[in-house]
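Asks: Here is what each chain is made of, one letter per residue.
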Amino acid sequence: MVATPEAVREWLRSVPDPEIPFVSIVDMGMIQGVEITGSQVKVTIVPTFAGCPAIRLLQEQIRQVIEEKGLTATVEVDYAQPWKAEYMTKAAWEGLRRAGFALPQKLSEDPWEMLHSARCPRCDSDSVSLLSPFGPTACRAIFKCHTCGEAFELFKPPV
Amino acid sequence: MLEQLETLILSLADDELIMGHRQAEWIGLGPILEEDIAFASIAQDETGHAQAYYQILTDLGLRTPDEYAFRRSAKEFRCAHLVELPNFDYDYSLALMRHFLYDGAEQVRLQALSHSAYEPLAGLAQRLLREEKYHWLHATTWIKRLGRSTEEAHLRLQSALNQLYPYAWGLFEELPEEAAMVEAGWIPPSAQLREQWLALVLPILEAAGLQTQMPSTQALTAVMGGRRGWHSPYFEALLAELTEVSASEPEAEW
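Those protein sequence lines, which keep their order, are chains A and B.
Under numbering that gives the first Met the number 0, the first sequence has 45 at position 46, and the numbering climbs by one with no breaks.
Under numbering that gives the first Met the number 0, the second sequence has 123 at position 124, and the numbering climbs by one with no breaks.
This is chain B alone, in the form it adopts within the complex:
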């Protein structure tokens, strides 16, 4: 069961670590100072949350948080493609939409995990939910306001949503050997979480005047695989950057 537990926790932790890394890339580039600070703060939270998840595995005698973050090959990561996508041309609406879709998923995931039969995970989820409320507040406020503001804002958000929506479904890709995890009471089935996520995010998008279409099987196939270690074409470069300093002196004490 240890192997399944590691898969589950890495799927959560790796999403957080990589999302935090992408959000941290906004530092110094936010459209206004307050947003720069917001993204920096959210990125710091997500990275810290990744560390707390990894620590559960460390406490079980597996690797340390630093080893998980800095000394794994790409195929050992379990993050979804959504978090791997680059910030492309730094269009803030794309960053906000990813933030919204991702943090909506986190709300649903953490609420479910706070009832997990695996107690260390349940306890951590209860803690993180209290911190994540501010992320969700931030994301929903912007989506609601910008969705109903100028035509340009609306068009940009809609275009970001079109691009990211199938990727967000990829957050709910079934985990390898998920049936055993569900049986153990660790998590509900991914498909059930996805339905809860849709029930949370779709009304907000609709209120913002934004439209979604159910992704085609073809579109979904293209964005799945993260939970099995198959990543987007952007991931290798991201990982090389993320681990550059630690790889330069692997035995250094920090």
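Only chain A is shown next, with the shape it has when bound in the complex:
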């Protein structure tokens, strides 16, 4: 089978982000490179956070998807370049929103500014408090909304 980098990217849409399973790793902008030599595919991924514990799982899932197409695959992790929220597609932002995450209204290099732009994803109030910049995964921060009383999570990219 002859594959193209575009086709490989299309196949990888079936691999979800391990911690935000409503969005594919392709839409998250984690696939940095696809090189094909004969039946050998080399995929380079950039993890959102370097300490993401799911990196090995991801490598394995990517390899499986490609090998199911009858090709061989190697999956390399590139730590020497940052992942940026700007790599995310519209579909990724929409997937996060539908899953109930608050999204930063402003992408800033200043973490305070970014965190303070949060609004409640349920009632859209801006009367919210940051409970912790750290949540159940590296890419989430925890908030409480004073208007509807609910706790919520903000999607928090590296800045």
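Simulated from the structure, these hints should not be mistaken for laboratory data.
Incorrect hints may appear among the rest.
What the hints assert, rightly or not - Examples of chain A residues lying across from chain B (beta carbon under 10 angstroms, computed):
1. 108
2. 114
3. 132
What the hints assert, rightly or not - Covered stretches of chain A, going by a simulated chain B footprint (3 or more residues, C-beta under 8 angstroms):
4. 42–52
5. 68–81
6. 133–143
7. 149–158
Every residue, glycine too, gets a C-beta built ideally from N, C-alpha and C.
Given the structure of chain A, go ahead and fit chain B onto it with the hints provided.
Replies: Relative to the frame of chain A, chain B by itself:
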């Protein structure tokens, strides 16, 4: 030069690995749930950062991250004594102060490394700096708030600072053969980084009403040596715990 590069990268990676291990010991014991989660998340970041540093060496044909983390003797580690200290009686002010002093050093170190002439290190430093901003935000917020809150909080932070301050200077111990690394443009001299660190942390401590005294030569001598493989009395026990599971089945596939 490979040997010097390994020394430099291990000094960075081992600090992260051991700091991550000590911070992970807070899981389940944080004073409030949010702090428990914060320390868990920060510990996970630091451990991951250690792995990314080790990977640079693996890519050069040296050992794998697991071999570096789990199959070295104490004297092969290059971490500073600050990160080795136990959590003693789990006084949170001690944990916050170590977090603050250490993450301040990381800010300075990563900013310098992001201009390193050794490109894999520069690229990684640029990435890590974007993640570490949240650690620094967390540490500085607590120090500023607690330093100016109750008398007890203030006294505890001051006592933690007195205890940890000389150890934090140990993060900037000169590396073996450092001159060659500076010459190659990999890093600035440790003494220069220490001055930048002081310029970063002292104004914040002062704003929090906390005082420091320049450590005596005697106090500094006692906390140096980590970069040469001479560790604090706490390190052997830490390493035994850290490697206990992997040592029980060294050839296991994880």
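Asks: Determine for every hint whether it applies to the structure shown.
Replies: Going through the hints against the structure:
A hinted interface residue such as residue 108 of chain A counts as satisfied when its beta carbon comes closer than 10 angstroms to some beta carbon of chain B; here the least separation is about 8 angstroms, so the hint holds. Annotation: interface hint on residue 114 of chain A holds; nearest CB of chain B at approximately 8 angstroms, less than 10 angstroms. Because the smallest distance between the Cβ of residue 132 of chain A and any Cβ of chain B comes to about 5 angstroms, under 10 angstroms, the interface hint for this residue holds. For the region 42–52 of chain A, the stated coverage by chain B is satisfied: 5 residues place a CB nearer than 8 angstroms to a CB of that chain, which reaches the threshold of 3.
For the region 68–81 of chain A, the stated coverage by chain B is satisfied: 5 residues place a CB nearer than 8 angstroms to a CB of that chain, which reaches the threshold of 3. Look at the region 133–143 of chain A against chain B: 6 of its residues bring a Cβ nearer than 8 angstroms to a Cβ of that chain, three or more, so the hint holds. As drawn, the region 149–158 of chain A meets chain B at 3 residues by the rule of a beta-carbon pair under 8 angstroms; at three or more, the given contact holds.
Going through the hint list in order, the structure satisfies each hint without exception.
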